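Counting from 1, one number per residue, gives the positions in the sequence shown under the UniProt record's numbering.
A hint or two may mislead.
Unchecked claim - Dumping the calculated DSS-like pairs for lysine-lysine here, alpha-carbon to alpha-carbon at most 30 Å: (1) 44 / 73; (2) 44 / 23; (3) 94 / 108; (4) 6 / 108; (5) 311 / 340; (6) 108 / 225; (7) 317 / 332; (8) 94 / 50; (9) 50 / 108; (10) 190 / 108; (11) 108 / 23; (12) 94 / 234; (13) 94 / 225; (14) 44 / 6; (15) 190 / 225; (16) 73 / 23; (17) 317 / 348; (18) 348 / 234; (19) 311 / 348; (20) 44 / 108; (21) 23 / 6; (22) 6 / 73; (23) 311 / 332; (24) 317 / 225; (25) 23 / 50; (26) 190 / 73; (27) 348 / 332.
What the hints assert, rightly or not - Okay, the calculated beta carbon distance ranges per label pair: (28) 304 / 329: 20 to 30 Å; (29) 84 / 22: 46 to 56 Å; (30) 62 / 290: 47 to 57 Å; (31) 193 / 307: 14 to 24 Å; (32) 105 / 61: 25 to 35 Å; (33) 339 / 258: 18 to 28 Å; (34) 336 / 213: 50 to 60 Å; (35) 105 / 335: 45 to 55 Å; (36) 72 / 290: 39 to 49 Å.
If you're looking for bench data, these hints aren't it; they were derived computationally from the structure.
Being a predicted model, the structure only gives us computed values, none of them experimental.
From the three backbone atoms N, C-alpha and C, an ideal C-beta is built for every residue, glycine too.
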Amino acid sequence: MDERVKMLMLLNYINAGAAVLAKFLMSGAEARELWEPGKADVAKEAVGEKGLARLRAANNEAWAEREFERAQKSAVTLIFIEGGDYPEELGELKNAPLMLYFKGNIEKLRRRPRVGVVGTRRMSSYGRAVARGVGRLCAEYGMPLVSGGAWGVDGESQRACCENGGDTFAVLGTGVDVAYPQSNAELFRKISEEGALISEFPLGSGGEPWHFPQRNRIIAALSEKLVVVEAPFKSGSMITARIALELGREIWAVPGQIGSYNSEGTNRLIFDGAFPYISDEAFMTACGIEPAKRKGAPAAEPADLSAEDRKILAALKENGETTIDNLSISVKMGASDLLKNIALLSAKGLVFMSAPGRYSIRRKL
Numbered sequence: 001m002d003e004r005v006k007m008l009m010l011l012n013y014i015n016a017g018a019a020v021l022a023k024f025l026m027s028g029a030e031a032r033e034l035w036e037p038g039k040a041d042v043a044k045e046a047v048g049e050k051g052l053a054r055l056r057a058a059n060n061e062a063w064a065e066r067e068f069e070r071a072q073k074s075a076v077t078l079i080f081i082e083g084g085d086y087p088e089e090l091g092e093l094k095n096a097p098l099m100l101y102f103k104g105n106i107e108k109l110r111r112r113p114r115v116g117v118v119g120t121r122r123m124s125s126y127g128r129a130v131a132r133g134v135g136r137l138c139a140e141y142g143m144p145l146v147s148g149g150a151w152g153v154d155g156e157s158q159r160a161c162c163e164n165g166g167d168t169f170a171v172l173g174t175g176v177d178v179a180y181p182q183s184n185a186e187l188f189r190k191i192s193e194e195g196a197l198i199s200e201f202p203l204g205s206g207g208e209p210w211h212f213p214q215r216n217r218i219i220a221a222l223s224e225k226l227v228v229v230e231a232p233f234k235s236g237s238m239i240t241a242r243i244a245l246e247l248g249r250e251i252w253a254v255p256g257q258i259g260s261y262n263s264e265g266t267n268r269l270i271f272d273g274a275f276p277y278i279s280d281e282a283f284m285t286a287c288g289i290e291p292a293k294r295k296g297a298p299a300a301e302p303a304d305l306s307a308e309d310r311k312i313l314a315a316l317k318e319n320g321e322t323t324i325d326n327l328s329i330s331v332k333m334g335a336s337d338l339l340k341n342i343a344l345l346s347a348k349g350l351v352f353m354s355a356p357g358r359y360s361i362r363r364k365l
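Let's have the full structure, built from the sequences with the hints guiding it.
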């Protein structure tokens with residue numbers, strides 16, 4: 001086995017990240033100095049006495065060699081921080097994982113834009129509907145969905161994405177060969193076929209409580225836009241949102257009822273400046289994708305439009321997203337009458353609110 005690969009696998013085994021690797025390499029040490037007892041000082045300084053003892057015990061049992069073989073037999077791809085397949089976005093993390101286990105299609109992860117979806121395990125019926133709606137939307141428009149494969153919002157968004165033929169990636173708090181929760185075993189099988197199961201934890205790793213907050217940083221880094229569906233103020237989803245914010249990712253939060261425990265986190269995110277997820281169309285526009293015609297929407301501009309309606313549509317088509325005040329000036333209509341026409345055009349599927357107080361044409365006419 002290549003010594004650099006062995007080094008990364010053993011460091012990952014003791015849960016050391018990029019910061020520890022950098023400290024070790026900056027000392028000028030060679031990889032083998034991690035497991036050669038005669039050269040303990042440099043290694044001990046980098047990983048600590050207990051970490052070094054665990055690492056060398058694993059080496060004595062040929063753990064890395066056996067793990068490599070297990071991965072090959074299980075059709076699991078190992079990706080290392082020094083390799084070309086390693087997602088470059090993870091390099092933005094302060095302590096990036098040294099390696100990842102992939103079970104599925106790595107290439108699909110390169111598609112853009114990637115949408116992260118997170119939320120509480122104890123979702124409401126509203127949260128479930130929104131989570132499934134976002135999953136379905138990602139599938140319909142070919143946007144890879146990244147989540148954690150957990151109960152609740154994670155699983156529902158990924159299940160809907162799979163059911164509609166989309167590509168989704170589950171970043172797990174276990175080994176990629178462990179179904180946790182067991183009730184999601186079939187979902188994980190589908191994800192591995194259409195997307196991938198991803199983990200930094202060795203094969204066979206169980207769902208230790210600390211694994212899940214740690215894996216959240218990977219979800220945050222891989223997501224270009226993170227949608228928080230429902231989340232208590234103190235929750236793993238809020239941890240993910242904070243990490244994503246530090247990385248400069250867009251945060252979208254689903255508004256909820258004031259006083260609702262499940263919406264304390266999402267409402268706070270909006271208060272702090274997150275984009276409110278007010279409609280699929282607004283989100284799609286932000287993704288740079290023109291929302292396509294929905295099922296049941298008219299195939300062309302209806303013949304029964306009034307002259308005022310046509311002027312409004314023409315102005316929106318020419319000027320793009322605009323406010324009622326600017327549109328009122330453009331079409332020379334009072335705001336009250338204009339809003340009535342906008343409501344009718346919205347009901348006909350021709351216009352939508354693309355942001356608070358701003359309207360756009362739903363599709364090219």
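message = What's the verdict on residue 44 and residue 73, does the C-alpha distance respect the 30 Å limit or exceed it?
response = 33 Å, violated
query = Under the criterion that the straight-line Cα-Cα distance not exceed 30 Å, is the pair residue 94, residue 108 satisfied?
reply = 25 Å, holds
query = Are the Cα atoms of residue 73 and residue 23 separated by 30 Å or less?
reply = 33 Å, violated
query = Taken at face value, is the distance from the CA of residue 225 to the CA of residue 317 at most 30 Å?
reply = Judged against 30 Å, a Cα distance of about 27 Å means the pair holds.
key: Given hint residue 225 paired with residue 190 - CA-CA distance at most 30 Å   = Roughly 23 Å between the alpha carbons, so the hint for residue 190 and residue 225 holds.
key: Pairwise hint evaluation, residue 108 against residue 6, where the allowed Cα distance is 30 Å at most   = 27 Å, holds
ask   = Does the structure keep residue 190 and residue 73 at a Cα separation of 30 Å or less?
value = 19 Å, holds
ask   = For the pair residue 193 and residue 307, does the Cβ-Cβ distance stay inside 14 to 24 Å?
value = 53 Å, violated
ask   = Within 30 Å, alpha carbon to alpha carbon, are residue 311 and residue 340?
value = Since the Cα atoms of residue 311 and residue 340 sit roughly 14 Å apart, the hinted pair holds (cutoff 30 Å).
inquiry  = Need the status of pair residue 94, residue 50: alpha-carbon distance at most 30 Å?
reply    = 23 Å, holds
query = Between residue 108 and residue 23, is the straight-line Cα distance small enough, at 30 Å or below?
reply = 33 Å, violated
query = Between residue 190 and residue 108, does the CA-CA distance stay at or below 30 Å?
reply = 14 Å, holds
Of the numbered hints given earlier, the model fails hints 1, 9, 11, 16, 18, 20, 29, 31; all others are met.
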